[in-house]
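Chemist: Take a look at the letters that make up each chain.
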Amino acid sequence: NAGVTQTPKFQVLKTGQSMTLQCAQDMNHEYMSWYRQDPGMGLRLIHYSVGAGITDQGEVPNGYNVSRSTTEDFPLRLLSAAPSQTSVYFCASSYQTGTTNYGYTFGSGTRLTVV
Amino acid sequence: AQSVAQPEDQVNVAEGNPLTVKCTYSVSGNPYLFWYVQYPNRGLQFLLKYITGDNLVKGSYGFEAEFNKSQTSFHLKKPSALVSDSALYFCAFLSGSARQLTFGSGTQLTVLP
Numbered sequence: 850n851a852g853v854t855q856t857p858k859f860q861v862l863k864t865g866q867s868m869t870l871q872c873a874q875d876m877n878h879e880y881m882s883w884y885r886q887d888p889g890m891g892l893r894l895i896h897y898s899v900g901a902g903i904t905d906q907g908e909v910p911n912g913y914n915v916s917r918s919t920t921e922d923f924p925l926r927l928l929s930a931a932p933s934q935t936s937v938y939f940c941a942s943s944y945q946t947g948t949t950n951y952g953y954t955f956g957s958g959t960r961l962t963v964v
Numbered sequence: 086a087q088s089v090a091q092p093e094d095q096v097n098v099a100e101g102n103p104l105t106v107k108c109t110y111s112v113s114g115n116p117y118l119f120w121y122v123q124y125p126n127r128g129l130q131f132l133l134k135y136i137t138g139d140n141l142v143k144g145s146y147g148f149e150a151e152f153n154k155s156q157t158s159f160h161l162k163k164p165s166a167l168v169s170d171s172a173l174y175f176c177a178f179l180s181g182s183a184r185q186l187t188f189g190s191g192t193q194l195t196v197l198p
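Taken in order, these protein sequences are the chains called A and B.
According to this note's numbering, the first sequence is numbered sequentially starting from 850.
According to this note's numbering, the second sequence is numbered sequentially starting from 86.
The hints are simulated quantities; they were obtained by calculation from the structure and are not laboratory data.
None of these values were measured; they are calculated from a predicted model.
A couple of the hints might just be wrong.
Every beta carbon over 10 Å from chain A, so not counted as near; a handful from chain B, in silico [as the list claims (entries may be wrong)]:
hint, residue
1, P103
2, T105
3, T109
4, G147
5, F152
6, A172
Straight-line alpha carbon distances no greater than 25 Å define the calculated DMTMM-like cross-link-like pairs of lysine to aspartate or glutamate that follow [to be verified]:
hint, chain 1, residue 1, chain 2, residue 2
7, B, K134, A, D875
8, B, K134, A, D887
9, B, K134, A, E879
10, B, K107, A, D887
11, B, K162, B, D139
12, B, K134, A, E908
A virtual CB, placed ideally from N, CA and C, is assigned to each residue, including glycine.
Can you build the whole structure from these sequences, using the hints too?
Modeler: As structure tokens, this is what we get:
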């Protein structure tokens, strides 16, 4: 049981390049999210999904796209990288029954530098 | 807007002493509150959560937190700190119909030997 797997762990991009951060979970969780972590700002929600085929924007969605074609995978696409997107990115997943959410499991993160 | 606040960016405590990491919340209704810990160059690990029931919640690694509705607080505590507890701690709550986590800004805990 691998939990939440993120690839790559590190990436350096040039300004204007595009790339996809991969996230996969093997726990059959319906909820998945992407966060970015910047010093002194905690984690901020970029995009999230409440099930396959359903995505929505979080607090800081500009410059990012997501899709959810399967329950397991939730890739994050950077369309045209900018230095302001230099950050650590975390993917997380969760499930709930009725109104009880059991909390999120996080991946180990992707450290992205845009030069 | 709903939020959680961690008023201290940094907390230092001597090994063996009790530790407290503070969190206050401004969340309507019955809040779902969480504590996560992040060790250097690692992802976030779940420590404990409050949903309903007992105000004192026990979690991993000997940590506990007390939900105080009158003070709108959810402070993280441990009776005797270890050097290995040194890490970044985040308070968070579940918000919205989509049940997404919103985080505080984090508190760096340093336990001094």
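Chemist: All the hints need checking, so say for each whether the structure fits it.
Modeler: Against the structure, the hints:
1. P103: At about 25 Å from chain A, P103/B clears the 10 Å cut-off, so the statement holds.
2. T105: Holds, since 19 Å exceeds 10 Å.
3. T109: Check passes; 14 Å lies beyond 10 Å.
4. G147: Nearest chain A Cβ is 19 Å from G147/B, so the label holds.
5. F152: 15 Å, holds
6. A172: It holds; A172/B is separated from chain A by about 14 Å at its closest Cβ, greater than 10 Å.
7. K134/B with D875/A: At roughly 23 Å apart (the allowed maximum being 25 Å), D875/A and K134/B satisfy the hint.
8. K134/B with D887/A: 24 Å, holds
9. K134/B with E879/A: The given pair, whose Cα atoms are some 20 Å apart, holds under the 25 Å limit.
10. K107/B with D887/A: Given that 25 Å is the threshold and the Cα spacing comes to 21 Å, the pair holds.
11. K162/B with D139/B: Distance of about 16 Å is within 25 Å: holds.
12. K134/B with E908/A: Distance of about 23 Å is within 25 Å: holds.
The structure shown violates none of the earlier numbered hints.
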